[in-house]
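**Q** Given next are the chains, with one letter for each unit.
2 protein chains.
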Amino acid sequence: MKIADPKSVPIVLMGFGNVGRAFFRLVHEKKDLCRARYGLDPCFPAVFEVGGALIPAKSFLEPADAPESSVSDLVRNPFWNPAGKLEDVLASHSPGVLVECTPTNLKTGEPGLAHIRKALEMGWHVATASKGPLVVDFKGLKALALDKGVSLKFSGAAAAALPTLDVGLYSLAGTQVSAVEGVLNGTTNFILTRMGEGGSYAAALQEARERGIAEPDPSLDVGGWDTAAKIMLIANAVMGTEFTLADLSVTGITDLSPALLVRAESEGKILKLLGTVRRNEGTYSAGVAPTLLDPSHPLAAVNGTAKGVTFWTDTMGQVTVTGGKSDPRGAAAALLKDIINIFPRD
Amino acid sequence: MKIADPKSVPIVLMGFGNVGRAFFRLVHEKKDLCRARYGLDPCFPAVFEVGGALIPAKSFLEPADAPESSVSDLVRNPFWNPAGKLEDVLASHSPGVLVECTPTNLKTGEPGLAHIRKALEMGWHVATASKGPLVVDFKGLKALALDKGVSLKFSGAAAAALPTLDVGLYSLAGTQVSAVEGVLNGTTNFILTRMGEGGSYAAALQEARERGIAEPDPSLDVGGWDTAAKIMLIANAVMGTEFTLADLSVTGITDLSPALLVRAESEGKILKLLGTVRRNEGTYSAGVAPTLLDPSHPLAAVNGTAKGVTFWTDTMGQVTVTGGKSDPRGAAAALLKDIINIFPRD
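As you go down the protein sequences, you meet chains G and H in turn.
So the number in our numbering is just where the residue sits in the first sequence, counting from 1, plus 31.
So the number in our numbering is just where the residue sits in the second sequence, counting from 1, plus 31.
It should be emphasised that the hints constitute simulated quantities derived from the structure, not laboratory data.
We put the beta carbon where it would ideally sit given N, CA and C, even for glycine.
Accuracy of the hints is not assured; some may be wrong.
What the hints assert, rightly or not - Result set (EDC-like, lysine to aspartate or glutamate): computed pairs, CA atoms no more than 16 angstroms apart in a straight line: (1) 62(G) with 345(H); (2) 62(H) with 168(G); (3) 138(G) with 168(G); (4) 170(H) with 119(H).
What the hints assert, rightly or not - To spell it out: a stretch of chain H is covered by chain G in this simulated footprint if at least three of its residues, at any positions, have a beta carbon under 8 angstroms from a beta carbon of chain G; those stretches are: (5) 64 to 77; (6) 196 to 205; (7) 324 to 332; (8) 357 to 363.
Model the full structure from these sequences, guided by the hints.
**A** Here you go:
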């Protein structure tokens, strides 16, 4: 038995917002563990943001090289290069992993889509926390990755630290998944939990804003679109469907029927915003809607900002996974997990 | 993009009891799916049982070659060879996977331990549903597998269709797991669920026997030893501990304190037989005991014969997985899952 030197894994980080910064910090914090337990040595040849990139004169960025607490500080960093080009950086290092953390756009997929295409074309693996590129062109990106013999990983885009894709693809390998149900959005689940306790929608949303749970513009969350994007990505990856967002019937929680709340109360049910995909005689349907769950449903006890997903299979019965931190550090941990799993070991 | 021919994967099956037979059937049922989705072509050069083996004159066994419904019928099978030797079969095929399904012995690990050692030494991967060999010599088997560059998989031995190891090793890669808690035995959980509904221990055990949930001799279950073996395997695999069964403090449910049942009732808690491992300032402790859970605990709603496990981590918070069928088909599906995951693909 011999211990090989750790394998150097260049990481080009796209986006230095909350998740990107948490990821940059986490990788350095976990460097020793990556080397000792997984034989990997992750390092950063560049970090890109709007208008340029941090590109060090030496080989790789150290933690102290990017101490910035906000994107606007980057331009004062000595390594900031407004002329930095992704293509040049990718070409000047042996292929590693492009990590995509730019803001997501569910309609165009940009800017992440262009970054990911470029990286895959140049033989780099990709781990993305951004949903947009996958919502817009999962099929094309997957085919490109397969053609180039590299990995396209996106745990960070499909509920992050909650391992939806790992369980669906790895733990359920060899099964036929007949349905997936998910409580996939922390903001709406927090609001519905408060409403189940007797609060109003407006008060619950206000509290979610004050506690930093809801984004300043929560419309993608409360409108059901964040849940829709996630359940669609899970379905396309695990069940082999080719859904686009337009194929999904999506109802959010902004206009909850009072009758639904009354029924939940009188029938002892629990109201959740549920993303679902079902297979029925070879055809698939997917959607998002406020749904009354029986208290014995495996997702009924997923409360507050927690998330969960249930897979229904032919040979393993139902398998449910819940939990996983929803904060930037949890998303960063999901990205690191994906990178570690790109390089198999025993 | 090109589709390669499926890779032939010889499987030598040890043990043709309930799980072994379910596995043999399942693999044939899933043959097309294995070829199309995973590029793998699993086939059986031999099936071993006490006193011999089915070894076909042609290359591989077809489903109709092993129609036996009980082990005692095997001796009348035309392919039955009382002189069949494992070493000879392993040597006469290119290395594949040895699948270990013989009855488990938590003290000696035999006969599985000898089978697994032999297979690993001869460069075969191993997937085992039997806990005994791992309880007795996990460290030695793991080192041998590493030395030979092959995989040692044991989902089937650590709660089967409930993906405890996948989640701990794959989905939580890069985290530090500080504690694991598990409801890992269906028989005891069924009994405690009934007792929570007001039934007596004796009546619940009787019902479990009548419904085929409890084994004729349920002492390993109700004594807590099945749970102990599983939580120990999870800890040793995921947390890198080197526990033996003797290191665990194990209390089963045969002598439940009436005070515990009264407290559960009066405090609104839920009684579970919990396997636990905890890390505390670099040292680890593990054990099994009847435990009162708060209703908000992620395992509190795991009822009846269902199982579940919760991992507490540094970066992803808690992640809980529940469900997974406990029958022989579920165990067979876990073995097939492990085999598929031995051969990575994208």
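**Q** If a hint holds in the structure, say so; if it does not, say that too.
**A** Structure-based check of all given hints:
no., hint, in the structure
1, 62(G) with 345(H), "holds, 15 angstroms"
2, 62(H) with 168(G), "violated, 31 angstroms"
3, 138(G) with 168(G), "holds, 10 angstroms"
4, 170(H) with 119(H), "violated, 27 angstroms"
5, 64 to 77, "holds (count 3)"
6, 196 to 205, "holds (count 7)"
7, 324 to 332, "holds (count 4)"
8, 357 to 363, "holds (count 3)"
Going down the numbered hints, you'll see the structure goes against 2 and 4, while the others check out.
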